[in-house]
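As given, the protein sequences belong to chains A and B, one line each in that order.
According to our numbering, the first sequence holds residues 1120 to 1396 in order.
According to our numbering, the second sequence holds residues 37 to 342 in order.
Because the hints were derived from the structure by calculation, they are not lab data.
All of these numbers come straight from a predicted model, not from anything done at the bench.
Treat each hint with caution, since some may be false.
[To be verified] Label-pair restraints from in silico Cβ distances:
no., chain 1, residue 1, chain 2, residue 2, range
1, A, SER1299, B, LEU97, 36 to 42 angstroms
2, B, VAL327, A, ALA1295, 44 to 50 angstroms
3, A, ASP1175, B, THR205, 43 to 49 angstroms
4, B, LEU135, A, ALA1279, 29 to 35 angstroms
5, A, GLY1171, B, GLY204, 31 to 37 angstroms
6, B, ALA290, A, LEU1136, 39 to 45 angstroms
7, A, LYS1162, B, SER304, 32 to 38 angstroms
8, B, ILE52, A, ALA1306, 40 to 46 angstroms
[Claimed, not checked] Partial list, derived from the structure: chain A residues whose beta carbon lies under 7 angstroms from chain B:
no., residue
9, ALA1240
10, PHE1336
11, PHE1374
12, ASN1381
The beta-carbon is built from N, C-alpha and C at its ideal position, and this holds for glycine as well.
Each chain is listed here by its residues.
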Amino acid sequence: MLWRNVWKTLKKSRIGLVGLGLILLFVLISILGPLIALHDPLKINLAYSLEGPSRDAWLGTDVLGRDILSRLLCGARPSLLICFGAVGFGMIIGVPLGVCGGYFRGKVDLVIRSLADLLLAFPPFLLALSLIAAIGVGLNNVLLAVGISTVPVYIRLVRAETFTIAEEDYVTSSVALGRSNTGIIIAHILPNIIPVIVVQSTLFMGITLLYAAGLGFLGLGAQQPQPEWGAMLGAGRNYIFSAPQLSLFPGLAIFVTILGFNLLGDALRDALDPYQT
Amino acid sequence: MLGYVIKRIGLSFPLILGVTVITFLLTRVLPGDPARTIAGVNATNEVVEQIRQKFGLNQSLPVQYFVYLKDLFRGNMGVSIRSTKSVMQEIMARFPNSLSLVTLSVACAAVFGIVVGTFSAIHHYSVLDHIATLVSLFGVSIPIFWSGLMLISLFSVTLRWLPAGGFGTPAHFILPVFSLSLYCVANIMRVTRSSVLDVLHRPHVQVAESKGLPQWIVIYKHVVRNALMPILTIIGLQFGSLLGGIVLAETVFAWPGLGSLLMLSVFSRDYPVIQGIVLILAMVVIATNLVTDLAYAVIDPRVVYA
Chain A
1120 MLWRNVWKTL KKSRIGLVGL GLILLFVLIS ILGPLIALHD PLKINLAYSL
1170 EGPSRDAWLG TDVLGRDILS RLLCGARPSL LICFGAVGFG MIIGVPLGVC
1220 GGYFRGKVDL VIRSLADLLL AFPPFLLALS LIAAIGVGLN NVLLAVGIST
1270 VPVYIRLVRA ETFTIAEEDY VTSSVALGRS NTGIIIAHIL PNIIPVIVVQ
1320 STLFMGITLL YAAGLGFLGL GAQQPQPEWG AMLGAGRNYI FSAPQLSLFP
1370 GLAIFVTILG FNLLGDALRD ALDPYQT
Chain B
37 MLGYVIKRIG LSFPLILGVT VITFLLTRVL PGDPARTIAG VNATNEVVEQ
87 IRQKFGLNQS LPVQYFVYLK DLFRGNMGVS IRSTKSVMQE IMARFPNSLS
137 LVTLSVACAA VFGIVVGTFS AIHHYSVLDH IATLVSLFGV SIPIFWSGLM
187 LISLFSVTLR WLPAGGFGTP AHFILPVFSL SLYCVANIMR VTRSSVLDVL
237 HRPHVQVAES KGLPQWIVIY KHVVRNALMP ILTIIGLQFG SLLGGIVLAE
287 TVFAWPGLGS LLMLSVFSRD YPVIQGIVLI LAMVVIATNL VTDLAYAVID
337 PRVVYA
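Working from the sequences, and respecting the hints, build out all of it.
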């Protein structure tokens, strides 16, 4: 019922549809990318180093003569896995903690809230970066570190939402009827917090992609020769004076994908929360 | 009021203590032996053992933590492995550079975001409102490190108007400040817009308008001042978020701040410096939140604190 209405509102929002389209394109490319790439993304051909766009290599080649377009197409998958994985991780840890804090209140809440406050004292990108510094570079560690940086926001959001819903009459009646806490959480709390979780998660997809690409750019994510957008941008940085296309295209890919998530998230926020101006 | 201020400051102390626990643990979750990490890969067992003794790494974790805390209290953050200078000295040499960069960026974003956001709210659903919303969504989607590189490519390489990086003259500030504020202006604009919209239809604004006050007085005195609390909150949050973003911006623009020092330290495994920078930046975030909270009490006399 709720979702049918959401779809109805979303259909009318051009911005939201554009966002959805960009995300579907991104998902499609990360599934099919390696199949439609014309060249092997890892094949080094020094004879074609740093060439501009041509008929054979549409977006040009990098310093080792690898085809940039093929590397972009193959680099979508790690980015997609990180952003879905990190958001999923943040959700699995953050949502239950937030529900427990908001529902049980008291000492449980105090502990959970303090944990969230503590993690929020670190700028999120810095938190992810320092975790990487401690546990080491690599895509799996990026997923974990970026995921952890989303946890406190989930806790805070879900806790506040649960707190409000737990005051509603239907929850009080369920308590009076002797329903168990688990029953109430599953039947009343969870369905009502889903909208805010969906909106936040969509926006988080963009943010985690941004963080993951940032870590890749700094050389802390995917390692050579694996194609990943942030790492490609980081490698292109050294040639900004001679071959700006090296940084232009990977950055454009990151930008367009994040834009997709932000456009959709914005439209979803309007659709799921019509009272907010 | 004074009671509230003291109480609010007091509430920061457990948080700061918690932060020190995390920065302490950060260097202890390292895979492998921290003494060996400090000593380097090629060190002999004797050297590793010496370092273990010297840094107290052979003691239990709680004891090590209290030693760390005691040193911090005296302003001693240890010695940089890379440069062998004291960590405090290294950090303090660069901290003002980072702080000025972030403060200037947030200030620019705040001025621009509040002005455009207010305008958007007043001319709700106009063409300009739609454009502003769209532009802000674009702005928040552009990675700082990419916009920075593209700005360098355009203004430094092609047009030769501005320096590509470095530090010293006001011209060096332009590109980094622009790319950092581009990232955070969107959120400030959006919050301003929704919060001004919310106040715009309240009775006191209608009264002020019907008294025949000039529009700019109504907007400035009756609308924006009342809409300021959420705006202040988002500005504080953006400040904190940019403190993480400086790592990227400073790397791109070769800015001699804490962000570039952090990257230098990450690659040379200079854990005392990493620990120190993370601690300092977290303290700045806590201080920002404190200032934001205190500012609430100043700008909004209705706020009563028990």
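Per the hint of 40 to 46 angstroms, is the separation of the Cβ atoms of ILE52(B) and ALA1306(A) within bounds? This hint holds: roughly 41 angstroms between Cβ atoms.
Given hint PHE1336(A) near chain B, where the shortest CB pair must fall under 7 angstroms: holds (5 angstroms)
Indicate whether the distance between the beta carbons of LYS1162(A) and SER304(B) respects the range 32 to 38 angstroms. holds (33 angstroms)
Have a go at the PHE1374(A) hint: is there a Cβ in chain B nearer than 7 angstroms to its own Cβ? holds (5 angstroms)
Supplied distance hint 44 to 50 angstroms, evaluated on CB atoms of VAL327(B) and ALA1295(A): Given range 44 to 50 angstroms: holds, Cβ gap about 45 angstroms.
Does the nearest C-beta of chain B fall within a distance shorter than 7 angstroms of the C-beta of ASN1381(A)? Hint holds; ASN1381(A) Cβ to chain B Cβ min 5 angstroms, cut 7 angstroms.
Take a look at whether the Cβ-Cβ distance between GLY1171(A) and GLY204(B) falls inside 31 to 37 angstroms. Holds, since GLY1171(A) and GLY204(B) (Cβ atoms, about 34 angstroms apart) stay within the stated range.
CB-CB spacing for LEU1136(A) and ALA290(B) relative to the 39 to 45 angstroms hint: holds (41 angstroms)
Consistency of beta-carbon spacing, LEU97(B) to SER1299(A), with hint 36 to 42 angstroms: Holds, at about 40 angstroms.
Have a go at the ALA1240(A) hint: is there a Cβ in chain B nearer than 7 angstroms to its own Cβ? Cβ of ALA1240(A) sits 5 angstroms from chain B, so the hint holds.
Verify the CB-CB distance for ASP1175(A) and THR205(B) against the hinted window 43 to 49 angstroms. holds (45 angstroms)
Mind checking the hinted window 29 to 35 angstroms against the Cβ distance between LEU135(B) and ALA1279(A)? holds (31 angstroms)
When each numbered hint is compared with the structure, no violation occurs for any of them.
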